[in-house]
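Listed below are the residues making up each chain.
2 protein chains.
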Amino acid sequence: MWLFNRPPLEQLKALYGFEPTPAWLEHVQKSSVRFTDGGSGSFISADGLVITNHHVAAGALQKLSDAAHNYLRDGFYAKGRSEEVRCLDLELNVLMDIEDVTARIKQAVASGMSADAAFAAHRAAIAGIEKESSERTGLRSEVVTLDRGGAYHLYRYKRYTDVRLVFAPEQQAAFFGGDPDNFEYPRYDFDIALFRVYEAGRPAKIEHYLTWNRTGLKDGELVFVSGHPSSTQRLLTLAELEYERDVLVPKVLADLNQLEVALIAFSARGAENARRARVELFGVQNARKRADGVLAGLLDPALLKAKQTEEDTLQAAAAKTPDGDAAWRQIADAQRIISRQAVRANLLAAYNYHTAFTYPVSSTLLDLARKLYRVPAERARPDGERLAEYRDSARPELELALFSAEPTYDDLEQLQLTHWLTMLATELGPDDPAVQIALGGQSPPARAAQLVQHTRLKDVAFRRQLYAMTPDQIARVDDSYVALVRDLDDASRAVRRSIEQQLDVKERADARIARLRHARDSAQVSPDAAAFTLRLAFGTVKGYEENGQPVAPFTTLAGLYQRSADHDNKVPFDLPPRWAAARTALDLGTPLNFVTTCDIVGGNSGSPTINRDAEFVGIIFDLNIQSLILDYAYTEVQSRSVSVDARAILEALRKVYGADALVQEILTGHLS
Amino acid sequence: MWLFNRPPLEQLKALYGFEPTPAWLEHVQKSSVRFTDGGSGSFISADGLVITNHHVAAGALQKLSDAAHNYLRDGFYAKGRSEEVRCLDLELNVLMDIEDVTARIKQAVASGMSADAAFAAHRAAIAGIEKESSERTGLRSEVVTLDRGGAYHLYRYKRYTDVRLVFAPEQQAAFFGGDPDNFEYPRYDFDIALFRVYEAGRPAKIEHYLTWNRTGLKDGELVFVSGHPSSTQRLLTLAELEYERDVLVPKVLADLNQLEVALIAFSARGAENARRARVELFGVQNARKRADGVLAGLLDPALLKAKQTEEDTLQAAAAKTPDGDAAWRQIADAQRIISRQAVRANLLAAYNYHTAFTYPVSSTLLDLARKLYRVPAERARPDGERLAEYRDSARPELELALFSAEPTYDDLEQLQLTHWLTMLATELGPDDPAVQIALGGQSPPARAAQLVQHTRLKDVAFRRQLYAMTPDQIARVDDSYVALVRDLDDASRAVRRSIEQQLDVKERADARIARLRHARDSAQVSPDAAAFTLRLAFGTVKGYEENGQPVAPFTTLAGLYQRSADHDNKVPFDLPPRWAAARTALDLGTPLNFVTTCDIVGGNSGSPTINRDAEFVGIIFDLNIQSLILDYAYTEVQSRSVSVDARAILEALRKVYGADALVQEILTGHLS
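First to last, the protein sequences are chains A and B.
Position in the first sequence (first residue = 1) + 162 = the numbering used here.
Position in the second sequence (first residue = 1) + 162 = the numbering used here.
Each hint should be verified, as a subset may be incorrect.
The list treats identical chains as one, so a pair stands whether inside a single copy or across any two.
Pairs of lysine to aspartate or glutamate residues, derived as DMTMM-like cross-links and limited to a Cα-Cα distance of at most 20 Å, are as follows [stated by the list, open to error]: (1) Lys451 - Asp749; (2) Lys732 - Asp236; (3) Lys467 - Glu662; (4) Lys533 - Glu568.
Read the hints as simulated data drawn from the structure, not as lab findings.
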């Protein structure tokens, strides 16, 4: 997961004799698109056409759907531009440039500062840099921490906020095989969706977009993935890794299990329930499966032993420096404090300091209430002293979230709140003052019902009123959710602050370890992925062995029909009617999915897979199950990323969906 | 939940003017049947015909099924006696008499004994009484602790071990509405199954059986339920209740959630997987829903407040005795020790000291391995010093379990083991020596696969070999499961012993509180249900209010068809084909299910509902969701037990299943 401003030139030359030029890198970078709700995509025409995964588009599809139109399940196709429908609060970003601001940030924190003062100075420095940049350039500006605190880069993005839905297949085509096949390979999924970005009411004019490959990808070929991985944890210390194994992942898993069970039961009550819960259930199941795989990996003693060996080597090097192993001790101390408060922070502050494993949110509306309630108080503070999400530079995303017209449902709200209240009461204990406030003297289900009945937060106009209030005004608002977040605000802020301070301590200690690691390793070390920043991965198309059997690099359309037949076309192996009907028309030898050794994690979903000529050859949509431990350690023995083949995309758009105009645009690079 | 030897004569007379005679009580008692795998039933013909629930029969149906015959899903009907098929390791019991042995047990424990000595003396006294009784009478003899240690009664049962399956409907008829309707009312379930007990190869001759009511049950009518509730916790102290709320139930729920998620994912992979996992998934979902409801109830501050008030009153009375509140302090101290070890005991010793909330077992075969491994060592000890399940009086059940020919499946075994190893590692921590033994240096899934590959325990003949071994011989057996339970045996016995000692301390303290409670309450107090002993409940047919709407006491066959139509006949509201076809033939006004105020809990499933004349009017199969807290406190405001109406049973047997011979036997009381 290489940085575009530190590309792995030596490795590419040595291994593949390939030397990407600066122009190649710039073209790929600017053809790559970030979905700000967590995913990747790419431009594939000069007229703003963007391709991503159906599952990246799921949130947008759900928000456009209602009881009468289930675009998420049934798909969507705009036959002409006038039918392209604008998405609710969807924002796409394109990375325009990267600036190293390490020196400016480090300067701000004087040695000898108290933890408190260092934290404040650090936060103010970041806020200042972001604000200055966004005001000067008009670009979305984010300071990103790299090497766990070893470096700070300022990323500037062009924003697209008028994003329209062009095409999505049926969810059953995108997620054929359902939960049983999820994270498995061989797979047979048509996991794509198409959007178009607009500017000033017209399709945006795009300079950098990927041309479609026409010759076909081959086994063993060098490929690249350009996308936005969420984060990896490969440079954690042993103490941090033990925390993930013993506290974080088991707690997250327990939370996800409980929510999944509740959502499945809710969905079974009827078709409309199932539609309402579909996106959340899908997300929860995906996260649960990942947590499951990660926990199994972390419980393998071999992983921790390897980490211990690496740490012994680094500490031997550290012993020769004046600080010795102080960095590791500081991290372990900070981690102990975090461990004690982690569950509390997640539940009470919805504070997801660990982006790879976020707890399920409490409820859609409670999350909004918490964000809204703090607006007046945060606005009154200097920019550099605010919580990160209230900085001036972050205002557009904040407003996008607060004023979303996304539908919410009382019954689903009640389920989420009951779940959250139950986790809160059992994890923190019923005697905790915050729990007593949250429960208000009732059982979790009774309290949840009461909260849902006495709020107006569903109404966007009411949210806009709250947003405009002064601290005094919002303190007097009579609304069940607002009252709840108000009463919990002190406790919520306190635990977040406590964790953030310790993270800050860890970041500075981590930076020292990163320096040792760089000094030791003459080869370049790619930093942990972080904050959905753009990264370039490379690898080859390559099968693997599983239980002694070879697994081929490509699957075909024929395999899809065969797998469905093997399961009597029963859920979740049923073919959507259009696919069943198109069978005889299709060239069944067309490659459908393929695997590569490219190193990806969550957030890479929708990333283009490209060849040496920067042509689009496929689109990433999954990992195999053997890859779930990639968050913590890279291995290419069995770990594989899975893409939809560019050839299947054309074949299906033509013959299953009759979307010839889209095929034309993709092949010519222009709207006709 | 009254004892048959302490019937609530005064209450019945005062409330209903009804005075059951000794003959009435004996008749009902001896018509009642206990399923030793946890359920109830009753005799309904002189030729050994027994009626129970489909879900009580589920284990037996599953054990008779294979990939080609899915009796659990599709049902079964023996058209003649020769088609009645013998069940694997199913044992039915009938309670013949009860003897109060309180004095004999209390005598054995001298005051001033150490906890250790008291525990041993207590255990030896119980074993002695059971052994003497079973040898003298040939009846299954069990000493039961009542009033949490206030009294000890010896229950003697006649055993039936040749039990044959006669009839079962489709699971979809029995569990119509599936998980969404589970614990809900109104309901539309035909949850019955019929067995016949045999002796010496012929249908057993039964003196006491229930005659079938022909006039029809009415709203408001007095009814009784005679069955075998598992246990209730209504006389817990506050300290014990807090433990259930803060430790036991949340831990059980987390375990159940994780297993449910794994079983659902497993089942989704194909029809045969679903068949294999069906009984376990059903059981896990049922238990999870119960734990969910109980947790919500326990988190309601009102429940604990009521307990506090009751405890204050009792303690005020206790203050006037020489011991003061010592009993409560002893219980709280013992509870603290138990709390720290409870999860360890459940996971490592599979020691279910709390019968209302048992953890899922580790795996079917590992459970067998643990039981088998201890046989040689326990056999070498005097009867009174053995673990309870190895006493001579318990040998028949032990052998039934050990040599069961119930099929096991490697893939399901692996799932169960992975689940157990993961819970073990995350709950006890990877550094625990027992966890290191269990994992053997591998991740949970890798270790589970290895264990399953290297065991011969599926083979009943191998189990018989192990059973016959000496301690020295079994110590040298080369089998992955046997080796694992051997290496964990010390740790497993230690934690069980520690918990059992504390339970013993609690039992004696509880006995003192029970005396205070009896002295205070001039009215009789019914003891907590315990150990699936026969109890008599009474109440009336009565609707209730929910969200301000009246809920009628009866549903009808018409309602079943309506509910299916309301859901487009979609899973889980689909009609079995026989039911769809029979619609026009049926009298749709026939009552299908009804609710009463009778006080029941788990274990009562399959209990007959009878009228004053001891006629069969229905069969208990569920509670409504408002009853889940009944384990901890009785209330009749909304709590209702749900029965299948006797009229629907006859109507469906005739017109849906064409089982006229069965109808004839039921109405005449004899095989024709």
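Hints, one by one, checked against the model:
Within a single copy, Lys451 and Asp749 get their C-alpha atoms no closer than 34 Å, and across copies no closer than 49 Å, so neither meets the 20 Å cut-off. In the homo-oligomer, the alpha carbons of Lys732 and Asp236 lie at most 20 Å apart both inside one protomer (17 Å) and across protomers (19 Å), since each shortest distance falls under that limit. In the homo-oligomer, the alpha carbons of Lys467 and Glu662 never lie at most 20 Å apart, since the shortest distance is 29 Å inside one protomer and 38 Å across protomers. In this homomeric assembly, Lys533 and Glu568 come within 20 Å of each other (Cα to Cα) only inside a single copy, at 16 Å, whereas the closest approach across copies is 56 Å.
Figure legend: structure checked against the earlier numbered hints; hints not met, in rising order: 1 and 3.
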